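Can you make the complete structure from the sequences, with help from the hints?
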Amino acid sequence: EDQVTQSPEALRLQEGESSSLNCSYTVSGLRGLFWYRQDPGKGPEFLFTLYSAGEEKEKERLKATLTKKESFLHITAPKPEDSATYLCAVREYGGATNKLIFGTGTLLAVQP
Amino acid sequence: GAVVSQHPSRVICKSGTSVKIECRSLDFQATTMFWYRQFPKQSLMLMATSNEGSKATYEQGVEKDKFLINHASLTLSTLTVTSAHPEDSSFYICSAGSGTGNTEAFFGQGTRLTVV
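Residue numbers (my numbering), protein chains in the order written: chain A, 47 to 158; chain B, 886 to 1001.
Hints listed in this document are in silico derivations from the structure and should not be mistaken for laboratory results. These figures come from a predicted structure and were not determined experimentally. Here a beta-carbon is modelled for each residue, glycine too, at the ideal position from N, C-alpha and C. Be careful, since some hints might not be right.
Claimed, not checked - What follows is a set of in silico ranges between Cβ atoms, one per label pair, in the way DEER data are often shown: (1) A:58 with B:888: 42 to 50 Å; (2) B:905 with A:66: 24 to 32 Å; (3) A:63 with B:948: 45 to 53 Å; (4) B:951 with A:122: 19 to 27 Å; (5) B:967 with A:63: 46 to 54 Å; (6) B:951 with A:123: 31 to 39 Å; (7) B:940 with A:58: 43 to 51 Å; (8) A:61 with B:946: 36 to 44 Å; (9) B:940 with A:64: 42 to 50 Å; (10) B:902 with A:158: 38 to 46 Å.
What follows is the structure, encoded as structure tokens:
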């Protein structure tokens, strides 16, 4: 069964303390891995799409990387405004058009 | 990025009544829209996929007669929760894509439904 697992479930960091979030996936053929940020009571906000192993993308303090089995979201010198739930999702070949399978997310809290 | 607008953001309704939630793509034509449900501290669960002008495809376990989806135009899809009950209380989120392929999905702001 296709699966997306995120770890840790929750992460508390001090401002400036860099760390990484993990997203492990098992799909028959990856057609894109997506990272989103979700604030409480809001819909997910798109961050990155990765398509192939070795690919990396950056945006401000965030950097996403991809291997054949997992993706990491690296947060460098985080600030309190980076506090949110970070979701990853995968799209697979052979599945319904554009259907995404989501992980349960990592709740990040950055303390000043 | 593309903008998807969802309305209302919050709604409280009485048990047994129906509630309609709208999802609009504001700056692109959405050939496909998706409806998700999210329970507290859980991830998004896909309820159904709707393509403009055709019937929605529902995920296993989702009652099509209870969650009516209409996608009559390339910019609007609606989800109607019929005969709502307290267990239908949840956070409903729509997303839209502009076509096939590896397009990222853009999400609405979500609708918090509370059935009392």
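Hints, one by one, checked against the model:
| no. | hint | in the structure |
| --- | --- | --- |
| 1 | A:58 with B:888: 42 to 50 Å | 33 Å, violated |
| 2 | B:905 with A:66: 24 to 32 Å | 42 Å, violated |
| 3 | A:63 with B:948: 45 to 53 Å | 46 Å, holds |
| 4 | B:951 with A:122: 19 to 27 Å | 46 Å, violated |
| 5 | B:967 with A:63: 46 to 54 Å | 49 Å, holds |
| 6 | B:951 with A:123: 31 to 39 Å | 47 Å, violated |
| 7 | B:940 with A:58: 43 to 51 Å | 46 Å, holds |
| 8 | A:61 with B:946: 36 to 44 Å | 43 Å, holds |
| 9 | B:940 with A:64: 42 to 50 Å | 48 Å, holds |
| 10 | B:902 with A:158: 38 to 46 Å | 45 Å, holds |
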